[in-house]
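Residue numbers (UniProt numbering), protein chains in the order written: chain A, 1 to 150; chain B, 1 to 150; chain C, 1 to 150; chain D, 1 to 150.
One or more of the hints may lead you astray.
Given that identical chains are not distinguished, each listed pair holds provided it fits within a single copy or across any two copies.
Lysine-lysine pairs mimicking BS3-like chemistry, simulated, CA-CA at most 27 Å apart [to be verified]:
| id | residue 1 | residue 2 |
| --- | --- | --- |
| 1 | Lys143 | Lys80 |
| 2 | Lys12 | Lys143 |
| 3 | Lys132 | Lys80 |
| 4 | Lys12 | Lys141 |
Just so you know, these hints were derived from the structure itself, not from any lab.
There are 4 protein chains.
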Amino acid sequence: MRRISYIEDFTKWREEFSFSIPIRIRFSETDMFGHVNNVSPFIYFEEARIEYLKSVGIFNNDSSNEGIPIVADLQCDYLKQMYFQDSLELYVKASHIGNTSFDIHYMGVNQNDEVCITGRGRIVYINAATGKPLPLKNEIKEKLGVIITR
Amino acid sequence: MRRISYIEDFTKWREEFSFSIPIRIRFSETDMFGHVNNVSPFIYFEEARIEYLKSVGIFNNDSSNEGIPIVADLQCDYLKQMYFQDSLELYVKASHIGNTSFDIHYMGVNQNDEVCITGRGRIVYINAATGKPLPLKNEIKEKLGVIITR
Amino acid sequence: MRRISYIEDFTKWREEFSFSIPIRIRFSETDMFGHVNNVSPFIYFEEARIEYLKSVGIFNNDSSNEGIPIVADLQCDYLKQMYFQDSLELYVKASHIGNTSFDIHYMGVNQNDEVCITGRGRIVYINAATGKPLPLKNEIKEKLGVIITR
Amino acid sequence: MRRISYIEDFTKWREEFSFSIPIRIRFSETDMFGHVNNVSPFIYFEEARIEYLKSVGIFNNDSSNEGIPIVADLQCDYLKQMYFQDSLELYVKASHIGNTSFDIHYMGVNQNDEVCITGRGRIVYINAATGKPLPLKNEIKEKLGVIITR
Numbered sequence: 001m002r003r004i005s006y007i008e009d010f011t012k013w014r015e016e017f018s019f020s021i022p023i024r025i026r027f028s029e030t031d032m033f034g035h036v037n038n039v040s041p042f043i044y045f046e047e048a049r050i051e052y053l054k055s056v057g058i059f060n061n062d063s064s065n066e067g068i069p070i071v072a073d074l075q076c077d078y079l080k081q082m083y084f085q086d087s088l089e090l091y092v093k094a095s096h097i098g099n100t101s102f103d104i105h106y107m108g109v110n111q112n113d114e115v116c117i118t119g120r121g122r123i124v125y126i127n128a129a130t131g132k133p134l135p136l137k138n139e140i141k142e143k144l145g146v147i148i149t150r
Numbered sequence: 001m002r003r004i005s006y007i008e009d010f011t012k013w014r015e016e017f018s019f020s021i022p023i024r025i026r027f028s029e030t031d032m033f034g035h036v037n038n039v040s041p042f043i044y045f046e047e048a049r050i051e052y053l054k055s056v057g058i059f060n061n062d063s064s065n066e067g068i069p070i071v072a073d074l075q076c077d078y079l080k081q082m083y084f085q086d087s088l089e090l091y092v093k094a095s096h097i098g099n100t101s102f103d104i105h106y107m108g109v110n111q112n113d114e115v116c117i118t119g120r121g122r123i124v125y126i127n128a129a130t131g132k133p134l135p136l137k138n139e140i141k142e143k144l145g146v147i148i149t150r
Numbered sequence: 001m002r003r004i005s006y007i008e009d010f011t012k013w014r015e016e017f018s019f020s021i022p023i024r025i026r027f028s029e030t031d032m033f034g035h036v037n038n039v040s041p042f043i044y045f046e047e048a049r050i051e052y053l054k055s056v057g058i059f060n061n062d063s064s065n066e067g068i069p070i071v072a073d074l075q076c077d078y079l080k081q082m083y084f085q086d087s088l089e090l091y092v093k094a095s096h097i098g099n100t101s102f103d104i105h106y107m108g109v110n111q112n113d114e115v116c117i118t119g120r121g122r123i124v125y126i127n128a129a130t131g132k133p134l135p136l137k138n139e140i141k142e143k144l145g146v147i148i149t150r
Numbered sequence: 001m002r003r004i005s006y007i008e009d010f011t012k013w014r015e016e017f018s019f020s021i022p023i024r025i026r027f028s029e030t031d032m033f034g035h036v037n038n039v040s041p042f043i044y045f046e047e048a049r050i051e052y053l054k055s056v057g058i059f060n061n062d063s064s065n066e067g068i069p070i071v072a073d074l075q076c077d078y079l080k081q082m083y084f085q086d087s088l089e090l091y092v093k094a095s096h097i098g099n100t101s102f103d104i105h106y107m108g109v110n111q112n113d114e115v116c117i118t119g120r121g122r123i124v125y126i127n128a129a130t131g132k133p134l135p136l137k138n139e140i141k142e143k144l145g146v147i148i149t150r
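Input sequences plus hints: build the corresponding full structure.
Below you can see the structure in the form of structure tokens.
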């Protein structure tokens with residue numbers, strides 16, 4: 001398998017995922033080359049990221065003194081083509097959990113248990129009003145950590 | 001040519017357009033059937049509609065006592081396939097101008113002067129705060145009318 | 001309720017649906033106005049239409065002497081805003097079944113049992129090689145009819 | 001400015017771009033957070049990449065013994081929010097030109113000369129029939145190099 005900068009040991013990396021959502025590939029997300037368009041994995045990452053952040057408790061929190069998560073960067077490695085009728089399971093986990101930010105790693109697996117896409121991106125937790133980075137509460141860090149390791 | 005419910009005389013209908021914008025078809029707007037996806041014309045209608053409404057002065061008006069335009073319905077007739085490298089010109093005109101609403105008609109023409117798509121949809125002008133229909137000012141009606149007939 | 005040209009009796013029209021699929025609204029399908037973008041219902045119509053056509057047996061049929069279904073036109077009436085976390089159920093049924101074509105009607109209902117969108121569009125069944133309209137087999141007509149009336 | 005892994009000296013990196021295309025942000029590419037959705041930059045990268053590859057002569061080449069370019073990975077750093085009415089110029093250049101592959105770097109600049117997004121991704125040149133990597137011809141390597149350095 002191709003070397004991917006954010007994955008040291010692929011088997012170990014893959015085993016660390018526990019959270020996932022199913023992705024139903026839309027027909028409009030294919031392109032004239034006959035398979036899923038290169039842009040579409042980032043749509044799937046976003047779907048999975050939001051569900052994950054909701055599970056951790058930092059998406060769409062209504063209490064106004066809380067922070068919001070911002071995507072600082074995103075990347076995707078295309079390992080195998082995906083097709084319209086594929087059943088895709090999108091896995092998500094946290095990594096490199098810092099004081100005000102953390103990484104999210106992504107893995108998309110098709111119905112034949114083949115990893116089609118991997119990815120990662122940094123989430124920065126900021127104060128919505130000031131735009132300044134905000135420390136992640138311990139309970140959130142714990143949730144991010146627990147979800148990784150269990 | 002196929003009968004289209006909102007077009008009585010196609011030659012006359014086509015001649016009444018004067019406002020248009022060029023559309024650059026995105027690669028991601030094609031699909032696995034090799035041409036532009038059936039959803040994409042509605043993206044192009046939206047692009048052209050917004051530019052038209054801006055030209056008439058009723059899009060994104062900042063004065064808070066003004067109304068906003070709402071799309072009540074939309075329809076598209078697919079006359080000819082469109083392809084990635086096509087140059088599409090999207091024409092827009094107003095029609096059936098009422099007291100608080102009007103229709104917008106759409107026509108997409110490719111580089112060979114072939115009409116690929118036609119469409120229409122009702123715009124209702126409402127008070128953003130109350131959601132109630134709001135009478136169109138005479139100056140807006142005039143602009144809608146002038147653009148049709150010149 | 002607003003008058004919609006392709007619906008005579010709304011209660012009766014709604015009762016005739018039996019086929020549906022759940023739609024998971026993608027975050028990227030919202031827009032800066034805070035709700036689901038006006039283009040997105042046509043993505044949902046396409047998802048539901050394909051599943052319906054597969055159930056009837058005329059989507060992606062590999063036998064090369066068979067026809068393919070083509071979308072001739074599409075329309076959508078926007079009755080109620082849809083939002084990111086909404087659970088949408090998209091209903092589909094056939095109507096006006098002719099020799100080589102038929103209509104598909106669409107209805108999107110949210111988690112509060114509110115009809116947010118309705119729509120319709122003509123499907124023409126053609127020979128993929130020649131582009132000519134092809135008669136629908138009786139077994140397909142029956143499936144289209146059965147699904148309506150049961 | 002934040003540290004970006006694929007940029008050593010930002011001023012020098014920025015100066016090396018010469019090829020660009022204008023991007024018209026579509027309304028449907030915004031999201032309910034009020035600005036351009038995180039997925040959309042990858043649509044813009046694709047638009048600019050295709051135009052660049054066409055200029056170099058390796059996109060949609062019809063001669064069947066030629067190769068095709070495949071996207072191996074993509075990444076984007078989000079430096080500044082983009083908004084609906086922004087005028088975005090998307091710059092592209094080649095980098096790390098190897099025997100059968102090369103990187104493309106991306107930079108999106110708004111109407112205030114602010115860099116909103118940067119990115120990169122590997123392009124692998126393959127034989128469309130066999131899927132095997134194919135050596136880039138010298139004339140293509142030269143075009144990739146020339147466009148970087150002039």
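- prompt: Is the C-alpha distance from Lys143 to Lys80 at most 27 Å within one copy, between copies, in both cases, or in neither?
  reply: The answer is neither: 32 Å in one copy and 29 Å across copies each exceed 27 Å.
message: One pair to classify: Lys12 and Lys143, alpha carbons no more than 27 Å apart. Within, between, both, or neither?
response: Within one copy, since 20 Å is at most 27 Å while 42 Å is not.
field: Status of Lys80 relative to Lys132 across identical chains (alpha carbons, at most 27 Å)
entry: between (39 Å within a copy, 14 Å between copies)
- prompt: When no copy is named, should Lys12 and Lys141 be tagged within, between, both, or neither for a Cα gap of at most 27 Å?
  reply: within (22 Å within a copy, 38 Å between copies)
Hint 1 from the list above is the single one not met by this structure.
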